[in-house]
Amino acid sequence: MTTKMKRLNLALSLLLGFNSTVALASSNDSSRIPDVYVPLQVDDVPARPEGFIEIGDKFLGNNAPPAGFTLPTGAVWQPSLFVFGNYRTALQTFQKDQKTTTEWANRLDLFANLRLTGTERLLVGFRPFDKDGKFAGYDFEANNDNDWREEGLNMDIQTLFFEGELGEIFPFLDPDDNGYADIGFSVGRQPFNIQDGFMINDVFDGAGLVFNGFEFPGAAYWKITALYGWNELHRRNNKEDRSSQLFGLFNEVEFLKATVNFDVAYVTSDNNDEGLFLGLSSVQRLGMFNTTFRANTSIAVQEESAQMRDGTLLFAELSFTPQSTQDLAYANVFWGIDEYSSAGRGPSNGGPLGRTGILFAAVGLGGYKPALSNSADKAFGGSLGYQMLFNGGWQQVIVEVGGRQDTSSAVSTTAIAAAVSYKQRLGNHSIVRFDAFAGDYENDDNLGYGFRTEFQFKF
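Residue numbering for the sequence shown follows our numbering, starting at 125 and increasing by one per position.
Don't read these hints as lab results, they were simulated from the structure. One thing to keep in mind: the hints can contain errors.
Listed next, the in silico DSBU-like pairs over lysine-lysine satisfying Cα-Cα at most 30 Å (straight line) [stated by the list, open to error]: (1) 182 / 502; (2) 502 / 547; (3) 582 / 502; (4) 347 / 493; (5) 363 / 502; (6) 363 / 258; (7) 363 / 223; (8) 223 / 547; (9) 347 / 547; (10) 258 / 502; (11) 182 / 363; (12) 582 / 381; (13) 258 / 223; (14) 493 / 182; (15) 223 / 182; (16) 255 / 363.
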């Protein structure tokens with residue numbers, strides 16, 4: 125057999141997945157690809173972890189989907205139920221703002237996902253160990269006999285929404301699939317994250333429509349989202365305002381070298397503190413650097429209050445991967461002009477500066493505070509950090525330094541700090557995490573510190 129014939133035979137076998145019926149060589153040639161089917165060799169691919177509860181089609185499984193049923197609209201639904209969640213428990217202590225806190229805190233996020241098609245689903249979620257920023261656990265620093273924390277225990281529904289696409293539910297609206305009916309929708313109690321959480325980072329009752337496929341000059345696509353929220357909206361101070369309603373129009377335009385978002389929201393209230401919120405961002409790659417630039421503004425249309433303030437937040441992110449590594453080096457900076465307010469902030473999400481780094485981010489578990497305030501009021505600052513992965517991604521280490529400087533003497537949050545975070549994967553379901561920080565604060569003669577150990581079990 126010539127070399128050219130051997131190469132042709134190999135190419136046909138790779139493309140077809142089995143040996144061609146056309147004999148390109150004699151059966152006595154030892155280099156001939158056998159006629160016997162040889163399956164894909166998957167010895168190095170780990171087995172799919174079994175879900176906690178899976179009824180019907182397996183999540184990312186290799187099985188035939190159920191037959192399903194046909195709706196009067198012509199859509200075919202194939203129901204499958206997945207129950208999954210994440211349990212977090214932590215021992216943590218910190219000293220900051222002349223106060224010491226040592227606690228054991230717990231959080232459980234439990235979900236049931238009824239998948240109907242690839243675009244339609246019903247999701248219900250519970251958080252039985254925390255509510256309104258209070259977490260079940262034990263307070264080691266309590267000065268009374270009630271050391272156990274039980275305020276967070278509840279069985280309230282924290283998430284309940286249905287989402288889908290009109291063109292899939294009503295296929296006759298666009299039988300040729302030209303995209304005219306590619307209108308997504310969602311209604312119910314659900315998480316919302318706008319401007320990467322700077323404008324909105326909250327869970328509330330809302331309904332949204334997503335319009336895809338709009339044309340924008342020089343852009344690949346233009347997506348528009350219209351949102352109305354009417355219940356359980358939390359304002360600037362992470363407190364619920366039962367009278368508030370939110371109206372939003374959010375735009376995402378994908379250009380060749382950048383993704384641009386322009387977002388507008390308006391919050392009404394019976395407390396005479398309605399507000400207008402504007403956000404503009406651009407995400408792009410500049411040479412070897414990943415960059416993001418954001419500008420967000422809040423305008424008190426009526427009176428300023430604890431829930432609503434005038435202000436502007438400017439934010440920039442820069443990161444890159446050093447050559448021949450999987451590491452990530454990053455630098456983030458911010459400038460808060462006056463007292464920027466978010467349109468919605470959940471009770472355990474802290475302030476809008478969480479994306480600045482691990483020194484600013486709320487852990488979302490217990491009363492553990494970040495090393496540096498994540499409030500954007502009248503201050504500037506930033507962080508420098510380096511993330512490293514080891515052992516094929518099973519271990520992660522982040523080291524970071526940062527600081528913030530007040531531009532007003534009303535309340536001092538000026539400080540510098542350093543932090544380290546270590547995560548270790550334990551099998552397919554568990555993660556253990558260790559965090560520590562130390563900080564020097566202008567309003568405290570003592571050095572601030574924090575240590576925490578967290579265990580996560582995902583199922």
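Hinted pair residue 223 and residue 547, Cα distance within 30 Å: holds, 27 Å
Within a Cα-Cα threshold of 30 Å, do residue 363 and residue 502 meet the stated pairing? holds, 21 Å
Restraint check for residue 363 with residue 223, where alpha carbons must lie at most 30 Å apart: Distance ~23 Å between residue 363 and residue 223 Cα, so the pair holds.
For a C-alpha distance cap of 30 Å, please report whether residue 347 and residue 547 respect it. It is violated: about 36 Å lies between the C-alpha atoms, which goes past 30 Å.
Straight-line alpha-carbon gap residue 182 to residue 502, limit 30 Å: violated, 51 Å
30 Å limit on alpha-carbon distance, applied to hinted pair residue 363 and residue 258: holds, 12 Å
With the threshold set at 30 Å, check whether the alpha-carbon distance from residue 258 to residue 223 stays at or below it. holds, 18 Å
Compare the distance between the alpha carbons of residue 223 and residue 182 with 30 Å, and conclude whether the hinted pair is satisfied. violated, 49 Å
Between the alpha carbons of residue 493 and residue 182, is the straight-line distance 30 Å or under? violated, 40 Å
For the pair supplied as a hint, residue 502 and residue 547, is the alpha-carbon distance within the 30 Å limit? Outside the cut-off at roughly 34 Å; violated.
Does residue 363 sit within 30 Å of residue 255, going by the straight-line distance between their CA atoms? Roughly 12 Å separates the two Cα atoms, so the pair holds.
Residue 582 and residue 502: Cα distance at most 30 Å? Cα-Cα ~39 Å, so violated.
Checked against the numbered hints listed earlier, the structure breaks hints 1, 2, 3, 4, 9, 11, 12, 14 and 15; every other hint is satisfied.
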